[in-house]
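Participant: For reference, the chains in residue letters:
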Amino acid sequence: MSEYLIEARNLVRTFGTRKARVTAVDDVSFGIREGEVVCLVGESGCGKTTTGKMITSLLKPTTGQVLYQGRPVWRPDGRKADDFKTYRLGVQIIHQDPYASLNPSHTIYKILSTPLLHHKLVASPAEAMTRVVELLNTVGLGPVEDFLTKYPHQLSGGQRQRVSVARALTVNPRCIVADEAVSMVDVSIRVGLLNILSDLKRTLGVTYLFITHDLAVAKFFAWEGRIAVMYVVSIVEFASTPQLINSALHPYSKALLAAVPEADPELTRHKQRLQLRSQDIPSLLALPSGCRFHPRCPFFEPGLCDVQRPELTLLEDNHYVACHVAARQAGVAGA
Amino acid sequence: METVTTLGPTSPPLSVRDLWVEYRAERGLVKAVRGVSFDLASEESLALIGESGCGKTTLGVALIRLLVKTARIRQGEVIYRRDGRAVDVLGLNPRELRRFRWRECAMVFQSALNAFNPVLRIWDQIHDTAQAHGMVSRDEVRRRAMQLLEQVQLDPRRVIDAYSHELSGGMRQRVLLAMSLLLNPQVLILDEPTTALDILTQRTIIDLLRRLKADVGFSMIFISHDLSTAAELADRVATMYAGTIVEIGPVNDIFYRPAHPYTLGLIRAVPTVTGEFEELRSIPGAPPDLIDPPEGCKFHPRCPYATPQCRTEEPVLQPYYGETHAVACFNVARVQQDTGDLGARFSQSLGDSIL
Numbered sequence: 001m002s003e004y005l006i007e008a009r010n011l012v013r014t015f016g017t018r019k020a021r022v023t024a025v026d027d028v029s030f031g032i033r034e035g036e037v038v039c040l041v042g043e044s045g046c047g048k049t050t051t052g053k054m055i056t057s058l059l060k061p062t063t064g065q066v067l068y069q070g071r072p073v074w075r076p077d078g079r080k081a082d083d084f085k086t087y088r089l090g091v092q093i094i095h096q097d098p099y100a101s102l103n104p105s106h107t108i109y110k111i112l113s114t115p116l117l118h119h120k121l122v123a124s125p126a127e128a129m130t131r132v133v134e135l136l137n138t139v140g141l142g143p144v145e146d147f148l149t150k151y152p153h154q155l156s157g158g159q160r161q162r163v164s165v166a167r168a169l170t171v172n173p174r175c176i177v178a179d180e181a182v183s184m185v186d187v188s189i190r191v192g193l194l195n196i197l198s199d200l201k202r203t204l205g206v207t208y209l210f211i212t213h214d215l216a217v218a219k220f221f222a223w224e225g226r227i228a229v230m231y232v233v234s235i236v237e238f239a240s241t242p243q244l245i246n247s248a249l250h251p252y253s254k255a256l257l258a259a260v261p262e263a264d265p266e267l268t269r270h271k272q273r274l275q276l277r278s279q280d281i282p283s284l285l286a287l288p289s290g291c292r293f294h295p296r297c298p299f300f301e302p303g304l305c306d307v308q309r310p311e312l313t314l315l316e317d318n319h320y321v322a323c324h325v326a327a328r329q330a331g332v333a334g335a
Numbered sequence: 001m002e003t004v005t006t007l008g009p010t011s012p013p014l015s016v017r018d019l020w021v022e023y024r025a026e027r028g029l030v031k032a033v034r035g036v037s038f039d040l041a042s043e044e045s046l047a048l049i050g051e052s053g054c055g056k057t058t059l060g061v062a063l064i065r066l067l068v069k070t071a072r073i074r075q076g077e078v079i080y081r082r083d084g085r086a087v088d089v090l091g092l093n094p095r096e097l098r099r100f101r102w103r104e105c106a107m108v109f110q111s112a113l114n115a116f117n118p119v120l121r122i123w124d125q126i127h128d129t130a131q132a133h134g135m136v137s138r139d140e141v142r143r144r145a146m147q148l149l150e151q152v153q154l155d156p157r158r159v160i161d162a163y164s165h166e167l168s169g170g171m172r173q174r175v176l177l178a179m180s181l182l183l184n185p186q187v188l189i190l191d192e193p194t195t196a197l198d199i200l201t202q203r204t205i206i207d208l209l210r211r212l213k214a215d216v217g218f219s220m221i222f223i224s225h226d227l228s229t230a231a232e233l234a235d236r237v238a239t240m241y242a243g244t245i246v247e248i249g250p251v252n253d254i255f256y257r258p259a260h261p262y263t264l265g266l267i268r269a270v271p272t273v274t275g276e277f278e279e280l281r282s283i284p285g286a287p288p289d290l291i292d293p294p295e296g297c298k299f300h301p302r303c304p305y306a307t308p309q310c311r312t313e314e315p316v317l318q319p320y321y322g323e324t325h326a327v328a329c330f331n332v333a334r335v336q337q338d339t340g341d342l343g344a345r346f347s348q349s350l351g352d353s354i355l
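Protein chains in written order, with this note's numbering: chain A, 1 to 335; chain B, 1 to 355.
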C-alpha cells in the first residue's frame, strides 16, 4: 500500500496543435495522504486547474502518471486501468462556477439522485430519496422539502455551491478536488461553506486537493495540511501550511505573501513588500530559460538562475523549494 | 453648467442626500438603493463595501446617471461642486450630463476585459473620447495620452497602438485608469478595481491608485466586495446592506471598532494571511430579497443581536463615535462589547509595525 491516497507523478500536460504547443503543466509531482488537505495555490494561468483536472482524470496527462491507492490510473498504452471505476468513484470534483456546473433543466433531486441510481448505490427510488435528503442535510440545505423540486436557477450562488458539494458526495468519494470552490461565493457565506467542507474531513475522513488563488482561504482551510505554490506551470514550493505562511523560502512565495492585501488596515499598510524586477507574467508560448521566475526575481543570479532549472529540493523538514539561492542559503548544494 | 449656489472652498465635491433607486422587474420593484446619504470630501477615498446585490454598483452608476432603462431614481439629491459652484446632477439635461460625465466625474467599470472596443486600437478609443468632449488638437491629445500612460507605469509606445486583447488584465486596468483621468475629473468612481486580477497585479494597481491620488489629487469612491482592498485604500468606509448604508466611518474605526453587526460579521468572516490561525465565523442566512425585503431592520433575520424592536422598526444612521462614525443599529452597545478582540488586533498590528 502506498503512503498516499492519491499521487501525481511527473505530470506534464501540453495543449495545442503540432505547430504551436503550449505547456500548461510541467513535471508536477505530489502526494496526498488519506485524510490530508493539500492546497494548490497560484495565480491564473499557473496550471493549477489543469493539474486538478488531471488528478480527477478529466484531462489525460501528456506524460506522467496519476496513482490512486498506489495503483496507476492510466495503462502504458494510454487506456484506462482495469479498476478505473473504483478511482472514478473515489475522486470527485467541485467546480468553481456554481452557475455553470449544475444542469439547469434538472431539479435538485434529479441532480443528486442520478449518480446514486446510475452507480446502483441505492436499491430503489425510495432509498434514493432517503439518501438525497441525507445529503442535503449534510450540506446544510434545509428545510429539505423546499429544495428537492427546485431548479438551480431558483437557488442563490451559495446554495448552488452546496448542491455541488452534495453531488460530489453522492458516490462516497474518499478524495475531493475543490477547484476554487468558494471564490465565487460571497464573503458572509464563504466561511459556512468552508466549514461544511472541513466537517466532511472530520466526519467522513474526506481527503482534499483544494485549489485556490486566495492565500488567506488556503491558510484557513489547510492549516493542518500542506500548501503547494505553483508558478508558471510548475510547483516552486511545497511545505506545511504554517511553514509556508510564516517562513516561506521561495522568492515567488515571499512576493505573494508580501503583496497580498489584508483585511486589516494597519497590518496591510505596514507590510514589508518585495520589489520584483518585472511585473510581466511570462507567456506560456515562450517560457523563460532556467528558473521560470528569474526574469522577475529580486535575487536573480546571472549565469545560474537563467541557465539551470532548479529542482524541487528538500531544504528543511517537509519543506521543498525549487530555488538555487534558497538552497545555497540552507546549505543544500546542487538544487 | 448651471450654477445653483455659491459655496466656500471647503465644501465637499459630492453630496448625496436620501437617494432612492428602483428597478422594474417582473415580480415587482427592486429597491436597490434605499435612502443613501453621504458626502465625499476633497481628495478623499471612500470605499463602499458589501456583498453582491447590496446596491453598491447601482449607487455608483446612479451618481453619474448611467442607470439602465428599467431603473428609476425615485427621489434624492446628488450635488456636485467644483470651484465654488454647485450643480444638481439629477437635474442636468442630456447635454450638460455629457459634459459632467468624464470631465467632472469619471467611472472605471468592473471587468477591464470587456470595457474596450475590441476592433479599435487603444489610441483610437482615447482619441474618440477626447474628441467627443471637445479636445480637437490631435497632437495635444496624443501628448496627453502618452503622458497619462506613462503615469500609470505603462510603456506608452507599446500600448498606444495595441488592441485591447494584446494587453494583459493588469495592463488593461491601467489603460482604463489612464483614460478615466484624460479630462481631469475631480471625482473618480471605481467599480471593483482589483477584482479578477492576480495578487501581484492587484498590488501594482493598489499602489498605483494610491500614488495617482496623491499626485493628481482626485476624490474617489471605490466599490468593492473585498474588505482587504478597502483596508488598503480607503480613508473612510461605508458598509452597505440591502440598499442602504448601515455604517460609515474612518477606516480604522470600521475595522477595529465596528458598531454594526453586519460589519462585525464581515470582518470576522475574512481570514488574514499573516499570523496564526484564527477561527472564523460565518453570517447565517442569506441577503434579503430586495423586491420584498423584511420589515424593520433588513439585517434582523441574520442578526444575533436582534430584538423585537428590530423586527418592526428600521434604524437610521446615527453618530456613534465622534462626529465621523455613524451606524444604523439599535443595539450598538451590545455589539461594542463583542468588538474588543478586534481592538486587540489593532494594537497588535500597530506594535508589529513598529518592531
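A portion of the hints provided could be inaccurate.
Here are some, though not all, of the chain B residues that point toward chain A, as calculated from beta-carbon distances under 8 Å [to be verified]:
1. Glu51
2. Leu66
3. Val141
4. Arg143
5. Leu200
6. His225
7. Glu232
8. Ala269
9. Thr272
Okay, the calculated bits of chain A under chain B, using three or more residues with CB under 8 Å as the criterion [to be verified]:
10. 107-120
11. 184-192
12. 252-260
13. 266-273
14. 281-291
Bear in mind the hints are in silico, worked out from the structure with no lab data behind them. Since the structure is predicted, the reported quantities are computational estimates derived from the model, not experimental observations. Note that beta-carbon positions come from the ideal geometry of N, C-alpha and C, so glycine has one too.
Participant: Does each hint fit the structure? Answer for all of them.
Facilitator: Quick rundown of the hints versus the structure:
1. Glu51: Holds - the Cβ of B/Glu51 comes within 8 Å of chain A, reaching about 4 Å at its closest.
2. Leu66: 25 Å, violated
3. Val141: 27 Å, violated
4. Arg143: 25 Å, violated
5. Leu200: This hint holds: B/Leu200 lies near chain A, its Cβ roughly 5 Å from the closest one there, short of 8 Å.
6. His225: 7 Å, holds
7. Glu232: 5 Å, holds
8. Ala269: Because about 5 Å separates B/Ala269 from the closest Cβ in chain A, which is inside the 8 Å limit, the hint holds.
9. Thr272: At 5 Å from the nearest chain A Cβ, B/Thr272 passes the 8 Å test, so the hint holds.
10. 107-120: That given contact is violated, which follows from only 0 residues of the stretch 107-120 of chain A lying within Cβ reach (below 8 Å) of chain B.
11. 184-192: Answer holds; 7 residues pass the 8 Å Cβ test.
12. 252-260: Answer holds; 5 residues pass the 8 Å Cβ test.
13. 266-273: holds (count 7)
14. 281-291: As far as the stretch 281-291 of chain A goes, the hint is violated, because 1 residues have Cβ atoms under 8 Å from chain B.
Consistency with the previously given hints fails for numbers 2, 3, 4, 10 and 14, ordered from lowest to highest.
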